[in-house]
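Novice: Sequence:
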Amino acid sequence: MTKPQSQVREIFEPVERAPEAQAEGFAIVRQAHESEMAEDYVELIAELIETRGEARPVDIAERLGVKPPTVTKNISRLRSAGLVRRERYRAVFLTDEGQALAEKCRRRHRIVVAFLLSLGIDEETAERDAEGIEHHVSENTLNAFERALRNA
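For the sequence shown, position 130 matches number 131 in my numbering, and the numbering has no gaps at all.
If you are wondering where the hints come from, they were derived from the structure by calculation, not from laboratory data.
If you're wondering where the values come from, they're calculated on a predicted model, not measured in any experiment.
From the three backbone atoms N, C-alpha and C, an ideal C-beta is built for every residue, glycine too.
Don't take every hint at face value.
As the list claims (entries may be wrong) - Distance condition first, Cα-Cα at most 25 Å in a straight line; then the derived SDA-like pairs of lysine to any residue:
hint, residue 1, residue 2
1, Lys105, Asp123
2, Lys105, Ser139
3, Lys105, Ser119
4, Lys105, Ala19
5, Lys74, Ser119
6, Lys74, Arg64
7, Lys74, Arg89
8, Lys74, Glu132
9, Lys105, Thr142
10, Lys68, Glu37
11, Lys74, Gln100
Stated by the list, open to error - Ranges of calculated distance between the beta carbons of each label pair, as one might list FRET restraints:
hint, residue 1, residue 2, range
12, Glu132, Arg10, 29 to 39 Å
13, Gly66, Ser36, 32 to 42 Å
14, Lys68, Glu88, 15 to 25 Å
15, Leu120, Arg78, 32 to 42 Å
Construct the complete structure from the given sequences, taking the supplied hints into account.
Specialist: Listed below in structure tokens is the structure:
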């Protein structure tokens with residue numbers, strides 16, 4: 002019988018933060034999670050319109066890897082939020098507000114991808130990781146990424 006080997010654990014060094022600051026950090030993350038769907042959809046809709054001339058729900062479903070009823074439900078949410086417009090049995094179009102959000106999301110995505118590539122991350126991994134990071138990175142951090150890219 003072999004003896005189980007003990008695992009070496011990294012010592013956790015707690016960072017002293019005021020409870021209010023910690024709560025604010027968690028609140029920011031929760032808000033980012035709530036806006037992820039809208040940001041992913043408007044970014045994809047803008048891309049489809051540019052590359053195909055229209056954004057059909059079936060194409061959105063295929064690209065996001067979800068079922069068409071999920072797209073229909075989320076498009077309704079985006080319409081209620083004033084980000085898209087759609088006529089029955091027609092393609093989806095961005096409102097001015099939706100277009101502005103799509104452009105903001107694309108900028109964030111491009112900066113994060115470029116920064117990850119500058120660290121030597123391969124393109125496929127950088128693109129995949131950017132999909133998560135772009136929703137959670139602050140404007141201050143994005144600006145720091147841009148400065149680092151300019152100075153590289």
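Novice: Between Lys74 and Glu132, is the straight-line Cα distance small enough, at 25 Å or below?
Specialist: Distance ~22 Å between Lys74 and Glu132 Cα, so the pair holds.
Novice: Keeping to a limit of 25 Å between CA atoms, is the pair of Lys105 and Ser119 held or broken?
Specialist: Holds, because 21 Å separates the two Cα atoms, which is no more than 25 Å.
Novice: Are Lys105 and Ser139 close enough, with their CA atoms no more than 25 Å apart?
Specialist: With Cα atoms ~13 Å apart, Lys105 and Ser139 stay inside 25 Å; holds.
Novice: Would the hint linking Lys74 and Arg89 be met if the CA-CA limit is 25 Å?
Specialist: Measuring from Cα to Cα gives roughly 13 Å; hence the hint holds.
Novice: Can the restraint linking Lys74 and Arg64 be considered satisfied, given a maximum Cα separation of 25 Å?
Specialist: holds, 16 Å
Novice: Per the hint of 29 to 39 Å, is the separation of the Cβ atoms of Glu132 and Arg10 within bounds?
Specialist: Holds, since Glu132 and Arg10 (Cβ atoms, about 31 Å apart) stay within the stated range.
Novice: Within 25 Å, alpha carbon to alpha carbon, are Lys74 and Ser119?
Specialist: violated, 38 Å
Novice: Per the hint of 32 to 42 Å, is the separation of the Cβ atoms of Gly66 and Ser36 within bounds?
Specialist: violated, 20 Å
Novice: Hint check: Lys105 vs Ala19, CA-CA at most 25 Å. Holds or violated?
Specialist: violated, 32 Å
Novice: Is it true that the CA of Lys68 sits at most 25 Å from the CA of Glu37?
Specialist: Holds, because 18 Å separates the two Cα atoms, which is no more than 25 Å.
Novice: Would the hint linking Lys74 and Gln100 be met if the CA-CA limit is 25 Å?
Specialist: holds, 20 Å
Novice: Holds or violated: are the alpha carbons of Lys105 and Thr142 at most 25 Å from each other?
Specialist: holds, 15 Å
In summary, the numbered hints that this structure violates are 4, 5, 13.
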